[in-house]
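Please model the entire structure based on the sequences and the hints provided.
In order, the protein sequence lines correspond to chains L and Z.
Per this note's numbering, residue 1 is the first one in the first sequence, and the count goes up by one each step.
Per this note's numbering, residue 1001 is the first one in the second sequence, and the count goes up by one each step.
I should point out that these hints are in silico values taken from the structure, not numbers from a laboratory.
Even glycine gets a Cβ: it sits at the ideal position worked out from N, Cα and C.
Some hints here could point you the wrong way.
Below are the SDA-like pairs computed for lysine to any residue, each with C-alpha atoms no more than 20 Å apart in a straight line [to be verified]:
id : chain 1 : residue 1 : chain 2 : residue 2
1  : Z       : Lys1045   : L       : His67
2  : Z       : Lys1095   : L       : Glu99
3  : Z       : Lys1002   : Z       : Glu1103
4  : Z       : Lys1042   : L       : Thr109
5  : Z       : Lys1045   : Z       : Ser1072
6  : Z       : Lys1095   : L       : Lys13
7  : L       : Lys26     : Z       : Lys1045
8  : Z       : Lys1002   : L       : Asn59
9  : Z       : Lys1042   : L       : Asp85
10 : Z       : Lys1095   : L       : Ser65
11 : Z       : Lys1045   : L       : Thr109
12 : Z       : Lys1095   : L       : Ala80
13 : Z       : Lys1045   : L       : Ser27
14 : Z       : Lys1042   : L       : Thr9
15 : Z       : Lys1107   : Z       : Ala1017
16 : Z       : Lys1042   : L       : Gly3
17 : Z       : Lys1095   : L       : Leu95
18 : Z       : Lys1042   : L       : Tyr101
19 : Z       : Lys1002   : L       : Gln41
20 : Z       : Lys1095   : Z       : Met1048
21 : Z       : Lys1079   : Z       : Leu1046
22 : Z       : Lys1045   : L       : Asp62
23 : Z       : Lys1045   : L       : Tyr101
24 : Z       : Lys1045   : L       : Gly40
25 : Z       : Lys1002   : Z       : Ser1068
26 : Z       : Lys1095   : L       : Glu75
27 : Z       : Lys1002   : L       : Phe60
28 : Z       : Lys1042   : L       : Thr5
29 : Z       : Lys1045   : Z       : Glu1103
30 : L       : Lys13     : L       : Glu99
31 : L       : Lys26     : Z       : Leu1046
Away from chain Z, derived, C-beta distances all over 10 Å, residues of chain L [what the hints assert, rightly or not]:
id : residue
32 : Ala2
33 : Gln17
34 : Arg22
35 : Gly28
36 : Gln41
37 : Glu53
38 : Phe60
39 : Asn71
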Amino acid sequence: DAGVTQSPTHLIKTRGQQVTLRCSPKSGHDTVSWYQQALGQGPQFIFQYYEEEERQRGNFPDRFSGHQFPNYSSELNVNALLLGDSALYLCASSLLGNEQYFGPGTRLTVT
Amino acid sequence: RKEVEQDPGPFNVPEGATVAFNCTYSNSASQSFFWYRQDCRKEPKLLMSVYSSGNEDGRFTAQLNRASQYISLLIRDSKLSDSATYLCVVNQGGKLIFGQGTELSVKP
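Below, the structure written as structure tokens:
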């Protein structure tokens, strides 16, 4: 049974560029949540997708957007990258938002 | 004030020691509670859910006090492999709110 997978594992971008991160949930899960984890901090909730719709959103600007596909996989898009967007981006899957299981993350560096 | 606050770390303990982590949360509407473990540069892994009745999983015991909005984790007979950052987490309608984490280092 495959767990949560994310791609790519590492990414380097320059300021102003756009990035797309991908996530495939654990088999049987229908809800995908995205988190940003800065160095030395706990993860911060970005948004959650269920039935292809954004169910709720954390305190992140509109530069952060997402999508969920019919197979429950999800993408996180960040536009107009800032240096402060450098972080580990974590995807978590769950059944109806209950116990959430995390993927290995994508480490984004913005230079 | 942070929504979830944990003991500041790091905790440095010898093998075999008992160590306790404490956490408080501010939103009384929080619905469920967890401890996650995170190894350096890895993803958080669910360690255990936390219930008001208290729950135990081997050497780990978790407790929730809803009246005080307080969560605890006790690790008995610490192993070298317990070295990690422990994250206190509350679930608000599917949105996980994490504490900053407490780093544990178990020494031989």
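Requested in this report: Would you list, in rising numerical order, the hints stated earlier that this structure does not obey?
Outcome: Violated hints: 1, 6, 11, 12, 22, 30 and 36; rest satisfied.
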